[in-house]
Amino acid sequence: MNPTEMAEAVERARRGEREGFAELYEAFSRRVLGLCRHLLGSPDAAEDARSDVFLRLPRALDRYDPALPFDRWLLSVTSHHCLDILRRRRLESRLFAAEWEETDSAALGSACDPSPLATVLTDEGRGRVRDALLRLPEQYRVSLALRYYGELGYDEIASQLGVTRNHVAILIFRGKQALRRLLAELDERT
Amino acid sequence: MTCPTELTCAVYVDGELSPEETRAAERHLAECARCRRLVAVLRHENRVIGAALDERAAPAPGPATAVRPTTIPGGRRAGTRGLALGAAATVAGFAGVTGWVALGDRVAADWIGLVVKAALFVVMNAATIERTLMTVAVVTMAALAFVGGLYLGRSSSRAVVALVLAVAAVVDVGPSPAEALEARSGLEVTVGAAQTVEGTLVAAAETVRIDGTVDGDVIVAAAHVDMRGTVRGDLIVVARTVEVVGTVGGSAYVAAGTLTLRGRVERGLYAADRRILIESGARVGGDLTLTGRSLEIGGRVERGATMFAHEADVSGHIGRDLRFRGGRLEVRASARVDGAVRADVVRASDVTIDVQAAVAGPVLTRVRSRAAGWYGEPRVWFWVATSFFGAALLGWVGLVLAPSLVLDSADAVWRWGASLGWGVATVIGGPIAILLLAVTLVGLPLALILLGLYLLALYAGKIVVGLALGRMLVKPRANPQRDALKALVVGLALLSLAAVLPVVGGPIRVAAACLGAGALVRRLARAAGVVRSAEG
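Line by line, the protein sequences are chains A and B.
The first sequence begins at 1463 in my numbering and counts up by one.
The second sequence begins at 5 in my numbering and counts up by one.
Mixed in with the good hints, there may be bad ones.
[To be verified] Which bits of chain A does chain B cover? Going by a derived footprint, with three or more residues having C-beta under 8 Å, they are:
| id | segment |
| --- | --- |
| 1 | 1537 to 1543 |
| 2 | 1631 to 1637 |
[What the hints assert, rightly or not] Far from chain B, by Cβ distances over 12 Å, these chain A residues were calculated:
| id | residue |
| --- | --- |
| 3 | T1466 |
| 4 | A1469 |
| 5 | R1477 |
| 6 | G1482 |
| 7 | Y1487 |
| 8 | E1488 |
| 9 | D1510 |
| 10 | D1524 |
| 11 | R1525 |
| 12 | G1612 |
| 13 | I1619 |
| 14 | N1628 |
| 15 | R1642 |
Read the hints as simulated data drawn from the structure, not as lab findings.
Note that CB positions come from ideal geometry on N, CA and C, so glycine has one too.
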């Protein structure tokens, strides 16, 4: 779907036309489902979440600002919904909170001394990487999915997770480190 | 000059440094080769993570990934094997993706679930099935002994002896019922209202009535099934008419002429019936997957409904998406669908949705027509390619394993009268035999095996006809094996293309399957020595 078609479909959906919604559903439902699956970690819950997102779309569209690309906005709405679910699941609102605050930069390594695992992630075995992603702790999986699947910026992620922008950077950084470790462990085992 | 931290580099790669920081980082990168390398590695990692997350790029963790691109030691033969393995993996991948596209992942999951469940049932109840088979064998043998005794003896006293022996054999060898399993048969099997069956109930009868409670699963083959009580496990039924008024705690699998649901099925309902009626008070707690001629959904389905039907009439409440493929779909005023309606029909006018029906999601109607536009769909050519590759591979395997059988069958295609006769007999007789075996229940594993062979024969039919066609076109040269392979490829390519022609494509496909399967079965039958007696 090119940007003009997308804008037209959105416009029609905002006017309440069924075909507009149908087109949007057709175009984005798979991508929305993908994000839900990465964020919630279970296909079943993801299906429910997708249904909810599209069910609420007619009302949510009132808040949509056409200055933003629609797909970005939709994915952000989706992640909002999924994070709500995760929070409810946890019954603990400070899911992504502040243990990261005091992380000192020394522990993060300097570029002249890159971590030996830095080259572990390679193309071979996309499935392996995906499995490893699913086994990451929730906070890392969520951050990586929001950044690299939802393609949200750090600021957006920060506001969704309710943490500072610096925490987002560290969550993503740590998430990748954990991923490398996990893949290295898997390699050793095989 | 000190290098930035790895974290800073990672943030830079994500494009999330502030403008000043970005400028500083770029200045440093221009000078420091090590940092440039690090940045390149981090960029690459991001791409890898993005690709791993993006399921559209990698639809299924199929066997293609299982074949590592490593060199296999062991000279040329191993190389060929690797090639064959690679080809097989590719074809399997193709087929997997196509299946995925064609069926949609949910439907596939449902049916796979059903198959797995059936297989599990066979495995878990192997002992029971074996015992039931034993019983049948013993009874048959006893009957034969009795008849044989009568025939040979001609003396009433001997006949009595034979009868006594036969009965003794049954009583002695016949299985005693297992603890957790209750097997009942007769003209009418009834579980009374006050009765409780602990464990699984297996019943075969003209009429089966369950008014009481069954703690385990219920497996029934009958003409009429009337379920008014409670089944805590799954309900598996093959019958002419089935009426469920009570409660099924698990899932229900029903193959019947008519299914009427008035009660509750707490989990999924999977049914293939001529007519299915889910009345307005009924409730299905899980998914609903139905195949039938006419379907009426008046009750409440908590999750999605998937239907393949000639006509479907929905007036109840569907908790998720409503998917339909077939002739005519009508969603009535009282209906409520909490998800989308996806219909796959021949004409857009075949979908009627009352304006008062509450459909929360969009209504997506896909018109399945073979008009000119149909050929523009890449899906179609994907199918053609897949079916061609699959058939060619299987044909090749056949040529390697049983060359004379395959080639003789191909030649037999030209005796088309006899082949077509055998083919039609196979195509019609096969399902009847399978159904008969399945209904007697003891034959369920046999029926499954026969079903597999039946489908294989139909598929092989295409290959045989393709080969026959190719052999007509390709001139034989020195190497017969290579000739046969070439003929196979040429013939199958032609046949695959002919099969998607408008109007005649369908009949061509059916005729090829019939003709080829007939030729194959006839050749097999001749090998078994049946043909001469059958054809005079």
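Consistency of the hints with the structure:
| no. | hint | result |
| --- | --- | --- |
| 1 | 1537 to 1543 | violated (count 0) |
| 2 | 1631 to 1637 | holds (count 4) |
| 3 | T1466 | holds (20 Å) |
| 4 | A1469 | holds (18 Å) |
| 5 | R1477 | holds (14 Å) |
| 6 | G1482 | violated (9 Å) |
| 7 | Y1487 | violated (5 Å) |
| 8 | E1488 | violated (6 Å) |
| 9 | D1510 | violated (8 Å) |
| 10 | D1524 | holds (17 Å) |
| 11 | R1525 | holds (19 Å) |
| 12 | G1612 | violated (9 Å) |
| 13 | I1619 | violated (10 Å) |
| 14 | N1628 | violated (9 Å) |
| 15 | R1642 | violated (8 Å) |
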